[in-house]
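Colleague: Take a look at the letters that make up each chain.
There are 4 protein chains.
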Amino acid sequence: MEIMNVQLAPNNARLTCYLQDKSDAMPNVDIRPAALVLPGGGYQYCSDREAEPVALAYMAEGFNAFVLRYTTGMDCPLDKSLQDARAALAYLRQNAADLRIDPHMIAAVGFSAGGHLAAALGTQSEEKPDALVLGYAVTLGATWAPMGRPSEPNLGDLVTDTTPPAFIFATQGDTLVPVKNSLVFADALADHDIPFALHIFPVGEHGLSLARPCTSKGDLSKVNSDVARWLPMSISFLQDIWGALGVVSPRPELRAQMGGGKAGLDVPFKRLLKNPGAAEVLQRRLPEVVGILRQNPLLKGASLRQLAGFMPDAYPEDLLRSIDEELSKV
Amino acid sequence: MEIMNVQLAPNNARLTCYLQDKSDAMPNVDIRPAALVLPGGGYQYCSDREAEPVALAYMAEGFNAFVLRYTTGMDCPLDKSLQDARAALAYLRQNAADLRIDPHMIAAVGFSAGGHLAAALGTQSEEKPDALVLGYAVTLGATWAPMGRPSEPNLGDLVTDTTPPAFIFATQGDTLVPVKNSLVFADALADHDIPFALHIFPVGEHGLSLARPCTSKGDLSKVNSDVARWLPMSISFLQDIWGALGVVSPRPELRAQMGGGKAGLDVPFKRLLKNPGAAEVLQRRLPEVVGILRQNPLLKGASLRQLAGFMPDAYPEDLLRSIDEELSKV
Amino acid sequence: MEIMNVQLAPNNARLTCYLQDKSDAMPNVDIRPAALVLPGGGYQYCSDREAEPVALAYMAEGFNAFVLRYTTGMDCPLDKSLQDARAALAYLRQNAADLRIDPHMIAAVGFSAGGHLAAALGTQSEEKPDALVLGYAVTLGATWAPMGRPSEPNLGDLVTDTTPPAFIFATQGDTLVPVKNSLVFADALADHDIPFALHIFPVGEHGLSLARPCTSKGDLSKVNSDVARWLPMSISFLQDIWGALGVVSPRPELRAQMGGGKAGLDVPFKRLLKNPGAAEVLQRRLPEVVGILRQNPLLKGASLRQLAGFMPDAYPEDLLRSIDEELSKV
Amino acid sequence: MEIMNVQLAPNNARLTCYLQDKSDAMPNVDIRPAALVLPGGGYQYCSDREAEPVALAYMAEGFNAFVLRYTTGMDCPLDKSLQDARAALAYLRQNAADLRIDPHMIAAVGFSAGGHLAAALGTQSEEKPDALVLGYAVTLGATWAPMGRPSEPNLGDLVTDTTPPAFIFATQGDTLVPVKNSLVFADALADHDIPFALHIFPVGEHGLSLARPCTSKGDLSKVNSDVARWLPMSISFLQDIWGALGVVSPRPELRAQMGGGKAGLDVPFKRLLKNPGAAEVLQRRLPEVVGILRQNPLLKGASLRQLAGFMPDAYPEDLLRSIDEELSKV
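Protein chains in written order, with the working numbering: chain F, 26 to 355; chain H, 26 to 355; chain P, 26 to 355; chain C, 26 to 355.
With the rest of the complex left out, here is chain F (with noise of 0.2 Å):
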């Protein structure tokens, strides 16, 4: 393995590089996913405990990682921040090829107030990670106010179609950062159809890291081993949208829900009204439809297939085939 420690402009944050062996013998390993780890503390320091244990753990798995030591302090802005965590993904990108990552497989994984920094890296930032890790991550403005930062925005309401697909998980018993940040979060993801996981579990205090005796700092609450399946599950979630170095295939359900695809009656209504085309068609020739789904948003997930199969005789075969075809062209 090496170790490089990398000096990023324009605030000098530290991004060490973990970079395992290549080997004749694993060519499959050659281009690697990578994971951009960012630590919490607050945005006053950054956590050892959430910095290398999280990057071995990815390492584990198959991963190069990436611990990013971005500017923090009292008076630092968050957009410096910012800056760095930016700056970290240019630096790996373009680098990818040296750092035997693909460019395309980088997830940026936070905790606390780096989850909050990654959050904001798929939100707020032109040029986003691939997937997000968030660990009970701040993301409502509201969290910060008291810790002299009272401008802060809402993350959930930057959501966008663009925004990364992302792993989500909390604990009920973090009197910190109450689940709600996860919680609303997850509901725009939900409401732009962004794949994620979201994992709530009863017991634990703010800042469980991988919730393992490595990360405890010797203390017993912060060994679960319910709460410390969160690793392992999100390497599954990850798994799920890009698969695993050339022998486990994505979910085609989750690249189907994440890449468009083709219109049709299987498509759901919200994919479809987001293509102008499709959105079009259905304008035209099922204007009910249409205006059911402004007046309900929730249906938008069903396809044309499924309402059909609730009432198939206002939506007979034949006016389905034709409807069909024509959202095949657009």
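Hints should not be assumed to be uniformly reliable.
Each pair may be met inside one copy or between any two copies, as identical chains are not told apart.
Said to hold, decoys possible - Below are the DSSO-like pairs computed for lysine-lysine, each with C-alpha atoms no more than 27 Å apart in a straight line:
| hint | residue 1 | residue 2 |
| --- | --- | --- |
| 1 | K287 | K299 |
| 2 | K295 | K205 |
| 3 | K287 | K47 |
| 4 | K205 | K153 |
| 5 | K299 | K153 |
| 6 | K205 | K287 |
| 7 | K354 | K153 |
| 8 | K325 | K205 |
| 9 | K153 | K287 |
Just so you know, the hints here were simulated from the structure itself, not pulled from any lab data.
Following the hints, put chains H, P and C in place on chain F, whose structure we already have.
Modeller: Showing chains H, P and C alone in chain F's frame:
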């Protein structure tokens, strides 16, 4: 084992009781926790895939199980189904000794429409179960609208401090019952400090039941080893709140969260504010804090001790001590 | 579910049949695999802790289950208990259609003395189950000696090519039935190329059953989450050999290992040598190899192709090809 | 993290040291357990697939890791490789403080030939590691014969009371190193009452390493989620004997089994017999029992209390009490 079918007044709903054998070799299971299983089926029917196999999964962990085939049908008002669920719960409580169950350890385990019924039992009913397990449950009124039930309430709006703890799971691939149904209900529980677990998996269609081969009806898309972890995780959750059969203790954190406990510096503001005496102390001694909490309800999860940690100058030790003394007397 | 008690001739042993309900919603479980549960108890009694709870654990994975309370007692010869087990197996096979089970997917699941009975059924009986699950089973004759049964055989000595595949687990902390009982039986299975799994856990006394709270009789030393993994691992094992309920296929490797298959360069020597035709080809064409195998039986697991890989000069391609041709005809 | 390459005398074998960063935030990991990783490769080379990825898997659980590239080659006597392993172990012990490891928590983790080397270090070496992790390890001399090493001993024959505890796994589908290698070694450990875990999985070829995508070299047959459980199970095993990083205690049962402890009625005969004083008491007071144990060594795992339970008339309470008193003084 004894299988017993009971007809419940007034609608003649059928309750199938699965009672494990009593044995002198296992005195710790003379009295067992109970799972009241409420299958789904859109209030049109009760799905076998979410009935007996689920009962067996809980029995294998030591529960006695009860499957309710509640009244359904296009023209059946949901109140009638709820009447059945209430009758089943009352039957279990009234006959707890004969059924060899603990009348204070009854979990209502429902799926889809049955999950709606379980959640309704936990919110709209005077007599409530002791825990809820909600699988891809409907909780938003709008979900019912296209099925001809336009005016159902959002069950999350009915959550109060007396709603029981809930284990919730769903899959984002579920286009029939969008995950928002689970997110919004969990959010309401969070607001009321009710212990809950929430697991949303990215992949999986509606109606996975146990997500094991035995509930798949031979359809591979209904087998998912990630989603299948909900069952053991739900057992963990119920153990966290109840303990298990004399050998596992309940988690003291959840006991405290549920049970009130004594007022003091370490108790979250939200619990203090629900206690009139403690609320009076706070209002009198720290009116500015109460003002902040009113403006920023997110902070109510924190305790006075945590707040003082951030601002030691504003809240010196002797002030804290004297407030603690007052709180300890309420 | 239907519970049925059957008295089996000639000893009136009681077989409790647990038959899951049939449902049009789950056509893939019209026919289920079967678990014939044989509780332990030193042939003095049948332990409830290893009876119904185990049946339920298998039912929760889709099995129909059958608990046999075989004849026991200080003066009862083991043959009589074996007679009961044989009768139960025959009953299951003869009534497979009525019991809705596959007569070729019957696992005998035994613990301690019941594990001895299961292993005896797999070795000393003409009619054999299709798989064995052996929990801290007695297989060594010497284990019985101090209990007044001085002349029981070592069941490992009776293993033949027709012994069914076996899942075996035990704990080293078991001072009553030393793990050697499991090791020696597994070794005999290995010698005969019978598929098996073996899991010996370091910690745990005799008689853990499922190692869950529900089988602990309130004794914490009988709950062990590591050991409790035996049950799902046994389900995996049975799926590897049988597949699962129309959605999971059997492992082709095990099918090949069990089923013979065609002779050829890739087939382990030990399987070739059991096939008289193939053995003749080997003896004639490669007498020196047969000699080596006789001296070093460990090598019998390798194939001719593997051997040639080590020594390409001694076994050139055209030689291999011509031998392969001969083998393909036997 | 610091990566350090050390050349070890006398053969210039390369030891790569992976030392996790020290941090004030995690005082409980100032000193860590150590994994000395010994890759396989038939003593012809050291396989990268069993080197760094394995080191990372242990580091992710809190270990510092050390990969030894020992001397190999057709003409290299195995003694020379063992010399390297001994040198590595001595280096770790002598530099424990600098390497931030506990010199009494060093596990030798070897695979295939590297597993042979680990087992040799635990049996043929004066200075021994504190635990062994053996993956599809060669232990039977006959396995080496066809590779031109005809006179290697069976390592199981060299097991003594000072052999360290061992975690052992293998797959029955391994035709290169038959599972008998693991079975026979485990049997020797059982005979000497050395704590061990043994996991033999039915499916899987030779050389699975972690059985994860990252060690698969892109070959699906080298990914197996059942077999992949060996790594966390090995962590559990090492925690059972050593505890974990100040938050998990060692299992008292294993401590007792390893450490001797006081003589008494509840101590297995085999431990009593190793203690000269206790052996004398037994021989004098219960010569007939010592005779039985000589004839039936299997019984040595039982205690006098257990024996008396079977035969209360032969061993009345006051006899037991007086023997206990004598034993307590030895």
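Colleague: Of all the hints numbered above, which does this structure not satisfy? Sort the numbers upward.
Modeller: Per hint list: 3, 7 violated.
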